[in-house]
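S.K.: One-letter residues, chain by chain:
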Amino acid sequence: MNVNIKNDLGLHARAAAKIVNLVVHAKGKIWLIKDGEKVDASSIIDILSLGCSKGTEVTFEAESNTDFDLLRNIIILAENGFGE
Amino acid sequence: MPDKDTNEEIKLNGIGASPGICIGKAYLVDKEGVEVVEKYFVNRNNLDSEIKRFKVAVKNAFNELRSIIENIPDEVRRHTGILETHVALLKDKMLYDKTIETIRNEGVNAEWALKKVVDDIKVMFHNISDAYLKERSDDIIHVSDRIIKFLIGSEDVNIGKIDKRVILVAKDLSPADASQIQLDKIMGFITDRGGKASHTSIIARTLEVPAVLGVGNATKTINNDDTIIIDGTSGIIIIHPSLQTLGEYKKLQTRHEEHKASLSRGSHLKAETLDGLSLQVMGNIELPEEVVSVLDHGGDGIGLYRTEFQYLTRNDFPGEDELFDKYKDVVEVMAPRPVTIRTLDINGDKAISSSNGSDEANPALGLRAIRYCLKRPDIFKTQLRAILRAAAFGNVRILFPMISSIDEIRDTKRLLNEAADSLKKEGKIYNKNIEFGIMIEVPSAVIMADVMAQEADFFSIGTNDLIQYTLAIDRGNREVAHLYHPFHPAILRMLKHVTDVGKEKGIKVFMCGEMAGDPFNVPVLLGLGMDELSMNPQSIPAVKNMIRSLKVEDARHFIKEALKQTTTMDVIKLVEASFGEMLRQ
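Protein chains in written order, with my numbering: chain A, 1 to 84; chain B, 85 to 669.
Do not take every clue at face value.
What the hints assert, rightly or not - Here are the computed lysine-lysine pairs in the DSS-like style, where the Cα-Cα straight-line distance is at most 27 angstroms: (1) A/Lys34 <-> B/Lys143; (2) B/Lys182 <-> A/Lys27; (3) A/Lys54 <-> B/Lys206; (4) A/Lys54 <-> B/Lys304; (5) A/Lys38 <-> B/Lys182; (6) A/Lys27 <-> B/Lys206; (7) B/Lys200 <-> A/Lys38; (8) A/Lys29 <-> B/Lys255.
What the hints contain is simulated information worked out from the structure, not anything from laboratory work.
Construct all of the structure, not just a fragment, from the sequences and the given hints.
M.R.: Structural data, given as structure tokens:
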């Protein structure tokens, strides 16, 4: 699922922490992808290392079908600018 | 690497950035400004307990963070977000799992494994183009420092635990690094990079400890615990000095201390020339606590109160009441003496973490000082309101940095009036009737000084930036730092132009840059007719002493000759020929 990063500060540490808080409940792995680069969405540091600034288009991918709802929640979180 | 065993005397040259002599033991910090992390191998059988040691340190760091968060009062709870993130980072698999993996795979100690993991992460972040996100590696470094602190425990590697004073040797020290070290443990500074006007040099002079900067290869040549002599007056360091050298320098050190003591005895006398002209000699400060130092050293007021500090030490912006409290402290203590408050001047090496600035290729020529403030009137007005309120408690002058055109003065005045009007509407106590000054530190302001004079009550010349912008020299760049000199004939002519305009238009001309604090420059400044000099508090006694030994008549005659010189060296020679005897006192 794709989403556009809306926050002025981009996908920063606090926002990444919010994603990780959701991802810990996943059954399988959740990936975050930007420009073909793929990182583990359960690590704040991995997420930050992609350097997703405002306006970046990113993709979240779940390995397990059972994580579909969780994936949708991440997208909603991102679309709401991570509650900022 | 030089042979560590021979201990032969080695002499290195650098830039003498803070005068004085000290003899002591070297203490190296690595380029990040944190302590050198020791590496050692752990016996395979003990790896599990090494991993356990790491886990315990993380647990302790976790508990410490939790208790910090819990003790934060409710009204500032919104700031705890970043600390919560730090808590989450402690267990992040890239940090936590990777460190454990490194301990196990490489058989190294936990500190080293963590440092290695963090270094790798730093490299990853280095390639991020977004400036704000790039700086988030700071969060990871903070977290790792916290773990390291618990790993090291009571061992002597942490500078806070050092029981004797040391000579700090580093590649470079950023303002952030400097805020982490315990300054009272430092008896001198040596760095590979940096020059006379760098942040480290300012700190050294504030602490009144010698510093030699821009040495180039000091960190490569010096080992921890080496005996070192720093001669900050002539810019020399000596590693492994012989007994004879030690003896010579001990004598020099004593003489220097005696000289300093004799100067400070006269520091409370007026700065009046032999023929009866008195000058105001003021202090520059950054922290409210420094007013004590200004008064102790005989300052007649505050010529420059830098206000950046409250903005630099945090992730958000300080509120009006908080700023007001600090300003009021300074103003009340100094009253009725003047306090010149300079509004926010962020520059290249002091980027504010909370302002999401874009990556500037050339920060010195970019969005800084008044330009930044005019672009962010919300932040600017908060400060202006705080200053206007503090002005009700003493003698305040307001000073605006980096003015390069008359429009900026007009826009600033409009905002200042708006700030005053809003205070009036709210029924707050304030004082709008304060002197309005501008910094003269951009060449365009010098050339337009006659126009600027119509809109300002006073000029304050900031020589550091003026020299840097006029001569196109980055004073932090050791390749060109030696070209930076206040006696460049172009600088003297500019100063002459400004003081001439001042006299013609009847406005006062002050100087608050480094140039004002060196006794060697006093004949020039006196000859030019500066009304007020402001400097690091520690320089006040020597400058006052110099003023008292001169005649303004001689200085005026001298400046005419100095302005005829065509090279920096010729000007220096002329000063030495005319006033050398007094300067050597």
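S.K.: Going straight from one Cα to the other, do B/Lys200 and A/Lys38 come out at no more than 27 angstroms?
M.R.: holds, 23 angstroms
S.K.: Taking 27 angstroms as the top limit, are the C-alpha atoms of A/Lys34 and B/Lys143 close enough?
M.R.: Distance ~33 angstroms between A/Lys34 and B/Lys143 Cα, so the pair is violated.
S.K.: Starting from A/Lys38, check that the Cα of B/Lys182 is at most 27 angstroms away, please.
M.R.: holds, 18 angstroms
S.K.: If you draw a straight line from the CA of B/Lys182 to the CA of A/Lys27, is it 27 angstroms or shorter?
M.R.: The given pair, whose Cα atoms are some 22 angstroms apart, holds under the 27 angstroms limit.
S.K.: Taking 27 angstroms as the top limit, are the C-alpha atoms of A/Lys54 and B/Lys206 close enough?
M.R.: With a Cα-Cα distance of about 21 angstroms, the restraint between A/Lys54 and B/Lys206 holds, given a limit of 27 angstroms.
S.K.: Take the C-alpha atoms of A/Lys54 and B/Lys304, compute the straight-line distance between them, and say whether it is at most 27 angstroms.
M.R.: violated, 42 angstroms
S.K.: Can you confirm whether the C-alpha distance between A/Lys27 and B/Lys206 stays at or below 27 angstroms?
M.R.: violated, 30 angstroms
S.K.: Between the alpha carbons of A/Lys29 and B/Lys255, is the straight-line distance 27 angstroms or under?
M.R.: violated, 43 angstroms
Consistency with the previously given hints fails for numbers 1, 4, 6 and 8, ordered from lowest to highest.
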